[in-house]
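Engineer: The lines below spell out each chain.
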Amino acid sequence: MKIKKIIILLIFPAFSFAQVNTEFIHHLVSKKLHQEHYIYLNKLNQTIPLNDTVQLEWLKWAIFYKDYNQFESLYFSYQNNSLIKKDSCLLLNASILALKQKPLQINKWFAQTEISNNSTKINQLFTLYNLSENIQNYKPSEHHFISENLHYYFNEYQKYYTKKPMVAAMLSTVIPGSGKLYNGRKKGFFPSFLMNTILGTFAYEAIDKNGINNAYSIFSLGIFSVFYFSNIYGSYHETKVIKQEKKEELLYNVSNHYYTPCLYK
Amino acid sequence: MKIYFILILYFFGFFCYSQSQNVNDLITKKISANHPPVHKHYRSVMQPKKNTLQHINPFNYISIGLMFTYQRVITQQLNGSCAYENSCSQFTKKAINYYGLVKGSLIGLNQLQTCYPTSYLDYPDHKINHNLKIKNPIPVLNED
Numbered sequence: 001m002k003i004k005k006i007i008i009l010l011i012f013p014a015f016s017f018a019q020v021n022t023e024f025i026h027h028l029v030s031k032k033l034h035q036e037h038y039i040y041l042n043k044l045n046q047t048i049p050l051n052d053t054v055q056l057e058w059l060k061w062a063i064f065y066k067d068y069n070q071f072e073s074l075y076f077s078y079q080n081n082s083l084i085k086k087d088s089c090l091l092l093n094a095s096i097l098a099l100k101q102k103p104l105q106i107n108k109w110f111a112q113t114e115i116s117n118n119s120t121k122i123n124q125l126f127t128l129y130n131l132s133e134n135i136q137n138y139k140p141s142e143h144h145f146i147s148e149n150l151h152y153y154f155n156e157y158q159k160y161y162t163k164k165p166m167v168a169a170m171l172s173t174v175i176p177g178s179g180k181l182y183n184g185r186k187k188g189f190f191p192s193f194l195m196n197t198i199l200g201t202f203a204y205e206a207i208d209k210n211g212i213n214n215a216y217s218i219f220s221l222g223i224f225s226v227f228y229f230s231n232i233y234g235s236y237h238e239t240k241v242i243k244q245e246k247k248e249e250l251l252y253n254v255s256n257h258y259y260t261p262c263l264y265k
Numbered sequence: 001m002k003i004y005f006i007l008i009l010y011f012f013g014f015f016c017y018s019q020s021q022n023v024n025d026l027i028t029k030k031i032s033a034n035h036p037p038v039h040k041h042y043r044s045v046m047q048p049k050k051n052t053l054q055h056i057n058p059f060n061y062i063s064i065g066l067m068f069t070y071q072r073v074i075t076q077q078l079n080g081s082c083a084y085e086n087s088c089s090q091f092t093k094k095a096i097n098y099y100g101l102v103k104g105s106l107i108g109l110n111q112l113q114t115c116y117p118t119s120y121l122d123y124p125d126h127k128i129n130h131n132l133k134i135k136n137p138i139p140v141l142n143e144d
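Top to bottom, those sequences are chains A and B. For the first sequence, position 128 matches number 128 in our numbering, and the numbering has no gaps at all. For the second sequence, position 11 matches number 11 in our numbering, and the numbering has no gaps at all.
In short, the hints are calculated from the structure, not lab data. Treat the numbers as computed from the prediction; the structure is a model and nothing was measured. Using N, Cα and C, we set each Cβ at its ideal position, and we do this for glycine too. Take the hints with a grain of salt, since some may be wrong.
The calculated lysine-lysine pairs, modelled on DSS-like cross-linking and capped at a C-alpha distance of 30 angstroms, are [as the list claims (entries may be wrong)]:
| # | chain 1 | residue 1 | chain 2 | residue 2 |
| --- | --- | --- | --- | --- |
| 1 | B | K133 | A | K66 |
| 2 | B | K103 | A | K100 |
| 3 | B | K94 | A | K66 |
Here are a few chain B residues that face chain A, going by a calculated C-beta distance under 7 angstroms [as the list claims (entries may be wrong)]:
| # | residue |
| --- | --- |
| 4 | I107 |
| 5 | L109 |
| 6 | L121 |
| 7 | D122 |
With the hints as constraints, model all of the structure from the sequences given.
Structural biologist: Given below as structure tokens:
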């Protein structure tokens, strides 16, 4: 009986030491000691088996230091951990990080419908993400939980979503730079128009004075045509880019709206 | 004589291109040394699928090499500042590497046309850095 008691007494401190020291982690986080935090978690990995709590700490670490790639690879390898699925703060912060860092490649994260019912905030975030994927279905009157600030970004994205690259290219062909006006880049119109006009005038004057077979005429005409075509193709390309940019802007503002610093509190 | 000239130009371009790649590799290694990964994790860099002809196209190497020379020799004398985070030559170099010579140089020249001190007013806040320069990575388009 005595021997058993002694053994229990000896084993107890060993177990009590092999726990996650949350206070120490809070201290490391408050002082922003990234490397030390990493070393401590690595040491935990060596001293105790990789249990649910340690896995949760690793995920928190990846989110706090804003490494979504790291988080994603860890999260999908810890699928059996039930503690993660219950932590609404972790899931909310992970969704926000995903929206901020990879707004266009996170279908895998938002395909997990089982975590969307964790809390109202996460549910709203998932709804907003799905709405941004199908922006044609967005109607301001149908979604009452969306704030006025976010309605503005949704309307902006919906407006640019319908723009056609070919129209921008056609406009730039008629008046150089007008494709940029169509794309909403008002400040880009003037320098583009000015540059094309000056180069066009040079080319016209050279051909008018020296004829088309002159070396200077060919050179100035070449330079003008390169800039002219780049303006047309640039407007065409920019219309596609601006759609993604507006989506990114929308998701960025959605993530800012739902951000709550609750990870280490 | 012409063949020798073309060969020299090709190797010069290839040399400059590989030099610029080495610098990027060194920087990435330095960053990854400061932030060691938890598990073995390979960062996926999105690259377009290129065929063999696109890989060995000498014009790509020559134009990227010329951009590299321009950045190292001429830009340092000009003392100019671009409105974009990636300067026009740097952006063109990356765009040629990503999209190919024709598309890449057209996109690069388009940026040159819109490079104006007040251009940042056209962009949303999160696209502008603390030096009021526009963040302009090579856009990876989702062609649906």
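Engineer: What are the numbers of the hints that this structure violates, sorted from low to high?
Structural biologist: Going through the list in order, the structure violates no hint and respects every one.
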